[in-house]
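> Residue-level listing of the chains:
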Amino acid sequence: MAYEQADQSVKSLNWIIMLYVVLFFTFFSLFLYVFLGGADFGAGIVELFSSRDNRKLNRDTIYKVMGPVWEANHIWLIILIVILWIAFPAYFNIIIIYLHIPLTLVLLGITMRGVAFIFRHYDALVGESQIWYNRMFRISSLITPVFLGMSFGALLSGEIVLTEDYSEVSFADIFLHPWLNVFSFLTGLFYAALCGFLASTLLIGETEGEVRRLYSKKSAIYTIVLVILGGVVLFYGFLTEMVFVKDFLANFYSLSAVSLSAILLIPLWKAIKEEHSLLTRFYAAVQILLVLFAAVHTHFPNLIITQTGEVSMLEGIAPDSVIEVLGISLIVGGGIILPGLFHLMKSFNMIRIPTPTPKNEQN
Amino acid sequence: MENLDYARLQMAFTLGFHIIFACIGMVMPFFMVVSHKKWLNTRKPVFLKLTKAWQKGVAIFFVTGAVSGTALSFELGMLWPEFMKHAGPVIGMPFSLEGAAFFVEAIALGFYLYGWNKLPEKFHWLTGIIVGISGVASGILVVSANAWMNSPAGFDVVNGEFVNIDPVAAFLNDAWFTQALHMTLAAFAATGFAVAGIHAFQILRNKKPELHKEAFKIAIFFGAVAALLQPLSGDLSAKDVAERQPVKLAAMEAHYETGKAAPLYVGGIVDEENREVNYKLAIPKALSFLAFGDFDAEVKGLNDFPDDELPPVAVVHYAFQTMVGIGTLMMIAGLVYFISLRKRSWLDNRKYWWLFALMSPLGFIAVEAGWVVTEVGRQPWIVYNIMKTSEAVTPMPGLKYSFYLYVTVYLALALTVAWLMNRQIKVLNRSIG
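Chains as they are written, first to last, in my numbering: chain A, 979 to 1341; chain B, 73 to 505.
If you're looking for bench data, these hints aren't it; they were derived computationally from the structure. Treat the hints with care, since some could be wrong.
Stated by the list, open to error - Here are the simulated lysine-lysine pairs, DSS-like style, with alpha carbons at most 30 Å apart: (1) 423(B) <-> 1324(A); (2) 121(B) <-> 1034(A); (3) 1034(A) <-> 124(B); (4) 285(B) <-> 498(B); (5) 1042(A) <-> 352(B); (6) 1324(A) <-> 190(B); (7) 279(B) <-> 423(B).
Extracted from the complex, chain A is given alone in its bound form:
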């Protein structure tokens, strides 16, 4: 017995490596979903807040730019969910039980959006129904990231009540308050603004002349909104003495990451001003990476904060054999998918070598 226990506590090097592989892919998928999926949501948000004349232009540009990778962007969410349930079942169990309602709303948004996107681009007859597809697309593009952000905010809000006896605590306390609060809502708005920022920044490189200036302006506006909202989130958390925000403000690495992202706004703005498409995209990606790093690093691995304590994502981690097989699957799968995806983006000019941009046909 004693021997067996000792055997379980001493993990092999192989296992440790595979755990890191699994963790890497977990956060890599999260990052790519926030970045690519976010740019996608943002496209609808930018369209929603555009003047009537610009909407059609926006729609066509988005289709040209996003069309080929549109589906791939959203599969990162599935990959993330699947990794979570395989490798971190106990952690995933809490998320999926206590955030049932906001996640249902996210799904509703994703469904509406996906369907509206395909309908407005694949309907054989172009007629009045387009108006409805467009409305549905824009509105769900705004709602989905707000609920996604609210769900993420809920995990860190410190409002979750874990219980074994569900009759003891009211429905609202368990299933509503954790995500239906000011902090979570602000986080949701923050993510929506981030999406708008990503989309407008991405579109700068896809357009020319007058239109390009339009997206540059939009990108600048979304950046300002983003910085203000980020400040409000932190300030609100500071005022209400939230555990996460207190720890965030005391964490050297998180603060450095946020400061660095603030400093990097200067070259980003310069790149926007110079309408340098590749650099703006690069800086935009770095911004997301830094913000995510700051948010996750503060509390890793305790990525659920409840009213009474914290839950580590490594608690109740899957057995060694599962982690090892998953790690190998992810390396093999990633080895096939990532080059394919890169090639896809390159073929359709989403990743461009900085040469003078050829004239894009406007359809």
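Chain A is fixed; fit chain B onto it per the hints.
Chain B in isolation, oriented as in the chain A frame:
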């Protein structure tokens, strides 16, 4: 109804939709690449038009399938959190591989849809092939995860915890091959007949018959071959179920009394109260033979199982009968198609086209019925003999509302997709050439 019932209904409802989208999404690409190949070989414009029309269908079904699949990946956890907590790591391997296959499909589809006149012709065509292959691969992998629920393997249960997990053994469980084979053939048969039927109907209406005849030929070939192979795979499945899940087999056949040389019931009304089947046609010894390949073999009846381990017998029995009945019809229709290759005169007979037009929805009814057999037939277990469905359900009350929400959204979705398809056909018929 209780929370558990609503959870089950919601799962059944969403899966019922997803299975249609997924089947079409995984089979249509094959029709598309065959038509595409014919265009490359013959340069007849009719094939280019057909390819492009089918490509739109593929895109629409791929996205609806992907979206409903995303919803399902969440729903598994949202409705059955305890199942996912324990089973998630065990069946993670097919799911993670499925994720990868699905991703490959999405990338290939991106190349295919947007690659016209941009990619080298052969490479472009090849990306279509990859769409098809990776689609079938994801289907097989997902079914393997479902097979594990019927035939759990690759772990031990100690104090309610799943330990000694072997993901590879779980993936390659006893049921995975028969189930995957049966489902894949079903997808090809159902989609083949559905698409062929739609085109047969257009031929009857005399709208662009030359185009619709080419379309019919491609779709029915896949459908007919699959429909002819399906009975063999069904036999494998039945023998497998007889051995692994005798109670499911007994429910499928509404077989109450254990006995040797058991008869096979065709039709009949199940009286669950009195445990008997009325108004049936009984074929002597046939059940023993079909289940064990021996006319005198003993087949265990429902009465020999504890009451709290019995699935709803009537539903399973009717669904099974529906599936087998339709399967037989489709096999005959498949034969009719192959005979018509010799007897060309049949093609001028409107009855021939009516036959296929009327068969159009049947394959999918059979697919749904088969799904009911495997899922309802496993009740009350979510993991056969290991975990009950009632132990897996979410503690969150009020699933009623969630159920109604999903019903509304999915019905709207289905209606809109049907309406869109109708518009595709209209445009196809209207265009010149």
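> Hint by hint, note whether the structure agrees.
Comparing the hints with the structure gives:
1. 423(B) <-> 1324(A): 52 Å, violated
2. 121(B) <-> 1034(A): 28 Å, holds
3. 1034(A) <-> 124(B): 25 Å, holds
4. 285(B) <-> 498(B): 16 Å, holds
5. 1042(A) <-> 352(B): Roughly 61 Å separates the two Cα atoms, so the pair is violated.
6. 1324(A) <-> 190(B): 13 Å, holds
7. 279(B) <-> 423(B): Holds. Residue 279(B) to residue 423(B) sits at ~17 Å (cutoff 30 Å).
Checked against the numbered hints listed earlier, the structure breaks hints 1, 5; every other hint is satisfied.
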